[in-house]
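For chain A, the structure is supplied; the task is to place chain B with the ligands on it using the hints.
Chains as they are written, first to last, in my numbering: chain A, 12 to 613; chain B, 12 to 613.
Some hints could be false.
Simulated restraints on C-beta separations [unchecked claim]:
| # | chain 1 | residue 1 | chain 2 | residue 2 | range |
| --- | --- | --- | --- | --- | --- |
| 1 | A | Leu309 | B | Val383 | 56 to 62 Å |
| 2 | B | Gln435 | A | Arg499 | 40 to 46 Å |
| 3 | B | Ser460 | A | Gln304 | 29 to 35 Å |
In short, the hints are calculated from the structure, not lab data. Every residue gets a Cβ at the ideal spot worked out from N, C-alpha and C, and that includes glycine.
Number of protein chains: 2
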Amino acid sequence: MSICLTDRLKQSIMLGDGAMGTMLSEGMKEATCPEAINMTNEKLVENIHQQYVKAGSHMIQTNSFGGTRLKLDSYGLGDQVVAFNVKAASIARKVAGDKVLVAGNIGPTGKLMEPMGSLTFEEAVLTFNEQAKALVEGGCDLFLIETMADLQEAKAAVIGAKMAADLPVICTMTFDIQERTLAGADPETVVTVLEAMEVDVVGANCGVGPDLMISIIKRMRQVSDVPLMAQANAGLPRLEGSNTIYDMTPDRMGAYVSSLVSTGASVLGGCCGTTPEHIKVFSKELKMLRSNQPKPILFSKLAGKDQTVYVGCGYQTPMIGENINPTSRKNLAEAFRTLNPKLAVEEAKAQIEAGASIIDINTGASGVDQEVMMPLAIQAVQKVVRAPISIDSSDPKVIEAGLRAVQGKPLLNSTTAKPETLEQMVKLAKKYGASLLCLTLDSKGIPESAEERFKIAEIMVNYAIQNGMNIRDIYVDPLTLTAGAQQRLVMESIKAVQLIKERLGVRTVLGVSNISHGLPKRSGLTASFLAMSLGAGLDMPIINPREPLFRLMISGSDVLTGKDHNAKRYLEENTLLGNEGVKNHQEITDEKAKRENLSVDL
Amino acid sequence: MSICLTDRLKQSIMLGDGAMGTMLSEGMKEATCPEAINMTNEKLVENIHQQYVKAGSHMIQTNSFGGTRLKLDSYGLGDQVVAFNVKAASIARKVAGDKVLVAGNIGPTGKLMEPMGSLTFEEAVLTFNEQAKALVEGGCDLFLIETMADLQEAKAAVIGAKMAADLPVICTMTFDIQERTLAGADPETVVTVLEAMEVDVVGANCGVGPDLMISIIKRMRQVSDVPLMAQANAGLPRLEGSNTIYDMTPDRMGAYVSSLVSTGASVLGGCCGTTPEHIKVFSKELKMLRSNQPKPILFSKLAGKDQTVYVGCGYQTPMIGENINPTSRKNLAEAFRTLNPKLAVEEAKAQIEAGASIIDINTGASGVDQEVMMPLAIQAVQKVVRAPISIDSSDPKVIEAGLRAVQGKPLLNSTTAKPETLEQMVKLAKKYGASLLCLTLDSKGIPESAEERFKIAEIMVNYAIQNGMNIRDIYVDPLTLTAGAQQRLVMESIKAVQLIKERLGVRTVLGVSNISHGLPKRSGLTASFLAMSLGAGLDMPIINPREPLFRLMISGSDVLTGKDHNAKRYLEENTLLGNEGVKNHQEITDEKAKRENLSVDL
Ligand SMILES: [Zn+2]
Ligand SMILES: [Zn+2]
Ligand SMILES: [Zn+2]
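Bound-form chain A, shown alone (with noise of 0.2 Å):
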């Protein structure tokens, strides 16, 4: 049975069932393993999911939610993953038949992943991938991942999955009261990274109960037009003597329905405490309803760990930081060769209180095993800093060990148009859930003229489109040239920033200061030539946060092309130009003048 999810979700609204566990419980003791039911007691799975499928579901969830090895090993029950997971997509497919979709449900492993605990990426992504096959194997039509609390053991499950089978995927996480998921991640981030992820349903479940669930849907909605799932639980669960108590009724959790519709969630379901009875409410409320469908999203985005970062529409320009690159500092790559993320942790924090809103980091120095050093400064930054990471690397095997290590949405930087770097890229930004980064450089080299660039630029975002890549994923940029060495090129790369914005709509970067490099008295020419590339379109520079000139060109820029509405984070935060009041220009200019007297140096 094949199917595609989100054609499915575009006609109608989708109802899946309710707790599996609650209903479990009833009918056994505690303390057992709810995997082996499934083969213990096959009866009363079947009969839960029957109990769902006439209530109105249109689709159950396999009895599977803590079907990983690692999880069963809790059990003592780790070898019996397979045979578990087969029985478990086998019940719900024998009682779905094919009115009624399997998901093959699977939750978190229970361990800490790195750098917070020791299960690393890659042992997750095979301990999901093994539950996974043995799902497909049973049956299911899809994977429904759930009740995750880490963004990054949700991307281990979902890559898991994928690499089980080509269908499709729901992951739904669990917030807490403050909106943020166990390991801090907000709603916003979650859908990123997770879309990133090419998810094909994205939401929340369990936690709290139905009305932070619809803060949470609309919050995702708001930055994403991904299909969104919302399986509340019947409110908090509080103890009475001996049992779990869920106090919202069905017709109390019915009314919640049309609201999460409306807000955007086009996938419902029920988590702790909810029924068949819940359920068969929601499939009356929905009967009257219809789904709504999202806006299309036209920003971008990137995440770090628990913060989203938006580009382009208006919003601030982001700074990407420059600065951990080891090319011209010494001690950087001194540190890198001796596996030392110390000065890239001190680096990476002065550009964040200096404005910067993406960290990039290179680690490429001679000497410098690179794929230790890659994920050990990614993840070492990411411990104290919140913003998205650029990993900048032209090596697909570094690139790729700082995509296994960094937590969020990044931003591969980059690739090249050479066919089989780009190939291999474009695979795992999508792999990976990364923005791509593509530099307008062929086997020829950098080519002089705008035009020459762009026709580039158009190869490498056509294939990366063709490939499956959504274009608000895709930058470019038209490079840097040095006016030292390149005079006369210089304004190619803005025509190009200006070319590639206007025909292609993709984001464009721009490393500004290689305009300078070699050359004295740098600051001037790059500030020069920031500004004239954020006037071209430029969506996100390369720069050195901690130049006050440069994010004075930033922040002014950013009130000339609207992206900061009245100038209000101008006003506030700029505060490199003193504090005058709304003052005629010449007392300004005599003051400045005044002031420049007693300062030496810009």
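Frame of chain A, contents of chain B with the ligands only:
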């Protein structure tokens, strides 16, 4: 006889005649008024003309060099002005027939013009006009204004001649050994100002001799594509007893002819000491030569009293200093009400020291008699400032008062697209040899979109060209709205700069400071807008040159746009950024960070 001198000069080189005064002085006693000889000894004059025609002259000059009323007054013969000039022209006409052209010769009045002397511009125009009308009455084919020592007087003579008849005008000035006129103008400025007056042939006469003449013609040709005339003396005169002796024999002078032609002269003749023998040799030399057609000049020019500023085609971006404007300066308004130019002069000097290339003068404030104050301010400023002037008013009367007073080739700032205004301003620009700044503003105001502003620009530029203006003398200002009041329109100005440059090929100007009008912390916004505009192709910003950040942006942008080859000026002149040698980026950054801790503000 109607001639198109310019067309004729495209075909062939034209040969004028030699000295009249030298020949006359041989035939008569000293201290006579030379123009009186037309009446007293017609045959003598006729005979000289005949000798020149026989020697091969294509054009002979009337014996009317001192024929203005003001000059004749020194002999007490002012009331003979009409008689002398009519006669001078009719003698030449009789000899010339219809094969040879008669050039109505006009020389200096012998009086110093304002502000050095007491002769007003209007008086000068009138006296030249009176002579020119008489020469036309006597039958001249064109005017030849020569031996001018002061560009202001030359301008008055050109206007007076053009008011007399729609005939071609040649104007040649005299240069000293420093290659400057008596009043100090260099050859570039002379050709710039006179070609802007729509003089058909510009050149040099009299002076040191043919060597210097070649150098002057070469300098003029480098910056102009107007036809050039060279009338050298036969060397410097020296006294031998009571005789004035010129050392250059016809053959020695003839040896320079081919160099003069290859350098760019297409009208040749001789001045003091040259005789029909000289012209005969010239004629022989010319038979073997073809005229050397100039390459079109693509840059634009503005001139101050004695020096020229180049705009476009890779020349340094000129700053128009905006500070002489009483709009928001109470003390300046007060000074102008009492007709006191002192503050304006001080401001002009300060702006020049800060690097301004052009000084804008606006005298508009309530209670100011601008028709008096504007010329007063211009003259006072030009006493101390060599830069071109931008005459800033929307009132044609104030503009004309300024145009009469101003030295050099000013910018007429400005006209709107309102038909009556545009018509008047184009006429004034043409009459006084000014460049014209067109605001993209019509009776409906400033359009919002760049395309609409472009359309207004197109209408204005087409009108100006159709009415005889050179495209290189037309500047368009697509207007800067304030980011405070109209943030969403900010980038329209920059787009308009680009459209106007690309599609119309005219120079662009922007009053960039207005972008931050009414906002605090202005300079960051203005600097960003400035760099963006320069990146989009802006030729001349109107700005406060005393703000170092703006100068830094301009000098940086000049490197980026190729106007500062190898960043020579940027590195030499830019003192804002300290004097780091070529260091790696991080070291510079670290040093800058240290320094910034010492200074509070920009
Ligand atoms: Zn739950
Ligand atoms: Zn002479
Ligand atoms: Zn002469």
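Hint check:
In this structure, leucine 309 of chain A and valine 383 of chain B meet the distance hint of 56 to 62 Å, their C-beta atoms being roughly 59 Å apart. A hinted range of 40 to 46 Å holds for the C-beta pair glutamine 435 of chain B and arginine 499 of chain A, which are about 43 Å apart. With their beta carbons about 33 Å apart, serine 460 of chain B and glutamine 304 of chain A fall inside the hinted range of 29 to 35 Å.
In this structure, none of the earlier numbered hints is contradicted; all agree with it.
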